[in-house]
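There are 2 protein chains.
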Amino acid sequence: MTNLRIPGPTPVPEVVAQAGAAEMINHRGPEFAAMMKRTNEGVKKVFQTANDVMTLTSSGTGAMEAAVVNLVAAGDEVLVVSIGEFGDRLINLVNIYGGKCTELKFEQGVAADLNQIEATLKANPGIKKVLITHNETSTGVTQPILPDLAKVVHAIDGLLIVDAISSLSSVPVKVDEWDLDVVLSGSQKGWMTAPGLAFVSMNERAWAIADANKQPRFYFDLRRHQRSAVNGQTPWTPAVSVWFQLDKSLELMFAEGMDNIYARHHRLGQMTRNGVKAMGLQLLATEGVESDTVTAIRLPEGVDGEKLLQVAQDDFDTVFAGGQGSLRGKIIRFGHLGHVHEPDIEAGLEALKGALAKVGFKG
Amino acid sequence: MTNLRIPGPTPVPEVVAQAGAAEMINHRGPEFAAMMKRTNEGVKKVFQTANDVMTLTSSGTGAMEAAVVNLVAAGDEVLVVSIGEFGDRLINLVNIYGGKCTELKFEQGVAADLNQIEATLKANPGIKKVLITHNETSTGVTQPILPDLAKVVHAIDGLLIVDAISSLSSVPVKVDEWDLDVVLSGSQKGWMTAPGLAFVSMNERAWAIADANKQPRFYFDLRRHQRSAVNGQTPWTPAVSVWFQLDKSLELMFAEGMDNIYARHHRLGQMTRNGVKAMGLQLLATEGVESDTVTAIRLPEGVDGEKLLQVAQDDFDTVFAGGQGSLRGKIIRFGHLGHVHEPDIEAGLEALKGALAKVGFKG
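In the order they appear, the protein sequences are chains A and B. Quick note: the first sequence uses the numbering used here, first residue 22, plus one each step. Quick note: the second sequence uses the numbering used here, first residue 22, plus one each step.
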């Protein structure tokens with residue numbers, strides 16, 4: 022079995038994969054409604070929220086688009102805090118849909134600075150919507166500021182939208198305790214499910230804005246999803262087989278216990294970081310903000326990233342991810358989220374060490 | 022095993038379901054690229070086209086939205102020909118995204134009249150885009166006019182967009198021979214695959230319009246899908262497990278042979294219609310335009326549709342679909358597309374007969 026060490030899609034446990042092969046059902050019938058009730062309750066538990074959470078048939082990017090088209094109107098002043106590729110994707114979305122976007126970008130590898138965000142909001146009093154990535158998959162950084170940021174944003178009567186696609190379910194994201202207005206996640210990350218479903222939580226503050234927003238939308242119109250959910254349905258045919266998987270994976274997650282899952286991810290994150298550093302390699306993330314779901318590793322001088330990934334796959338049956346955008350060829354990324362345990366990390370580290378030696382790295 | 026006799030999602034053959042449970046892979050790696058090359062070739066063969074066909078991670082409604090946001094600009098004069106719920110959905114989409122929509126609606130159960138379409142286009146020379154449903158799932162009607170309609174639309178230098186979601190792969194849709202500019206389908210119909218993937222074919226005429234169109238779009242931006250496809254990738258994480266299924270189902274489809282598949286659907290359609298009429302029931306579709314993928318059956322006076330569906334499910338383990346919109350309580354729908362054979366139809370007819378008797382219908 023290949024060691025799939027990328028930050029999503031993540032390995033799907035055999036029982037979850039098999040759950041997806043169950044007999045097809047009517048998406049407008051009682052079996053689907055019962056399953057949807059169960060998964061909604063489960064997903065809300067993982068989101069640590071009493072808010073509505075909508076399950077969309079799309080990738081995580083679909084959830085990002087849903088957040089933007091439901092909550093940003095053309096002409097709205099918006100702040101996007103970006104610490105990498107996925108933050109830049111939010112900027113892209115806001116610009117495409119006509120938001121007036123103020124970009125606050127930070128260097129790759131660091132987390133956003135709350136003081137700079139506050140200063141930007143003070144300098145731009147028209148901004149009432151802030152979008153931020155919780156866990157930046159492209160740089161391996163988790164932002165520690167969410168609870169404080171929510172206070173800052175709400176102090177100016179603003180709305181906070183958090184892309185937690187690659188963190189929520191692996192790392193604690195306390196949606197209600199931290200008072201996060203809109204939060205996104207995706208099935209192919211810590212949820213141990215195949216890609217195809219994405220989640221969006223909305224609190225009352227967010228619904229009020231979405232209800233008043235005239236931005237054109239249909240497939241990702243969250244009001245339609247909310248209305249259909251009352252009848253145990255989705256507005257459009259859902260990815261039923263992936264939903265079967267989610268139903269089963271939630272069972273596994275609660276059997277393990279969310280606190281145990283968070284502890285496991287933290288332990289495996291540290292194990293990965295320690296192992297990588299012991300090889301003489303450096304992390305992209307600065308100390309204290311390293312992600313417990315993905316580690317971005319700087320490629321040593323002279324090491325060809327493409328070749329390293331190829332050797333890892335061909336000779337060690339291990340798949341790492343390369344760098345995205347301007348980090349292409351400069352880093353590789355080692356995923357450790359979802360259905361992953363110590364032996365997977367050990368094997369991943371061994372594979373990395375072996376592949377590095379084969380491409381000529383002396384350590 | 023439940024007899025799932027709805028017009029989608031359709032039963033997934035066991036080998037296809039199992040294919041979806043295969044080990045997860047990197048969606049940016051060589052295995053995915055190889056699979057995508059195979060499925061693209063297969064899907065194009067089923068579409069009978071040399072045009073690009075994009076595979077989206079969404080329901081069929083996502084493909085409808087993709088067609089509208091890529092090809093209709095705000096202010097564009099558009100004709101939508103509607104013969105039921107799904108035609109009305111196209112009207113809805115065009116209106117939401119700012120198109121100036123002329124609606125040409127026909128009574129439930131009939132096909133569109135080409136002369137009226139021509140007259141409407143003559144009376145509205147500004148209209149250069151026509152949207153139409155090929156197979157109206159809500160009324161059980163297949164439109165026979167597509168080849169002629171394409172000539173009419175192209176004679177005015179227009180663009181023809183065809184929703185063939187519930188027909189293409191079960192019923193011949195000759196995209197190139199008929200010169201259809203944009204054509205849609207969805208995995209959960211004749212493709213014998215779980216829901217979650219949708220298809221959009223685009224010819225050069227369509228690409229020229231999409232390239233020039235300023236309509237905001239991101240998740241469903243077909244240019245992004247076209248660009249990524251060159252590298253054997255999708256722009257956003259695809260529904261990999263459903264894609265595994267599609268890969269296998271295409272194998273089954275070509276093993277059976279497309280002409281045999283079309284013949285089987287026609288045979289089963291006739292068998293269903295004959296069986297239903299023999300019970301003394303009437304079809305909603307007028308003679309000559311009945312769909313070979315779904316039969317809409319008028320409920321006899323005094324028969325409670327909800328109760329009939331319930332009895333069929335509870336006592337005969339058979340799931341039919343009810344009517345949608347204004348047809349709710351007036352019809353039931355009997356699906357016969359995808360992985361379906363004579364015994365499924367026989368059992369379906371028996372179940373219908375038995376359920377009708379139980380709710381008091383004397384025939």
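Hints should not be assumed to be uniformly reliable.
It does not matter which identical chain is meant; a pair holds if it fits inside one copy or across any two.
[Claimed, not checked] The calculated lysine-lysine pairs, modelled on DSSO-like cross-linking and capped at a C-alpha distance of 27 Å, are:
id, residue 1, residue 2
1, Lys235, Lys379
2, Lys58, Lys328
3, Lys121, Lys383
4, Lys121, Lys235
5, Lys126, Lys379
6, Lys66, Lys298
7, Lys298, Lys121
8, Lys351, Lys379
No lab work stands behind these hints: they were computed from the structure.
Here's how the hints hold up against the structure:
For the homomeric pair lysine 235 and lysine 379, neither the shortest alpha-carbon distance inside one copy (57 Å) nor that between copies (49 Å) is at most 27 Å. For the identical chains of this complex, lysine 58 and lysine 328 are inter-copy neighbours only, at 23 Å across copies versus 47 Å inside a copy, given an alpha-carbon limit of 27 Å. Within a single copy, lysine 121 and lysine 383 get their C-alpha atoms no closer than 49 Å, and across copies no closer than 66 Å, so neither meets the 27 Å cut-off. Taking the closest pair of Cα atoms, lysine 121 and lysine 235 come within 27 Å of each other both inside a single copy (16 Å) and across two copies (17 Å).
In the homo-oligomer, the alpha carbons of lysine 126 and lysine 379 never lie at most 27 Å apart, since the shortest distance is 37 Å inside one protomer and 68 Å across protomers. Taking identical chains as interchangeable, the C-alpha atoms of lysine 66 and lysine 298 are never at most 27 Å apart, the minima being 36 Å within one chain and 51 Å between chains. Neither within a single protomer nor between protomers do lysine 298 and lysine 121 lie at most 27 Å apart by alpha-carbon distance, with minima of 42 Å and 61 Å respectively. When the C-alpha separation of lysine 351 and lysine 379 is checked against a cutoff of 27 Å, the pair qualifies only within one copy, where the shortest distance is 18 Å, while the shortest distance between copies is 70 Å.
Comparing the model with each numbered hint stated earlier shows that hints 1, 3, 5, 6 and 7 do not hold.
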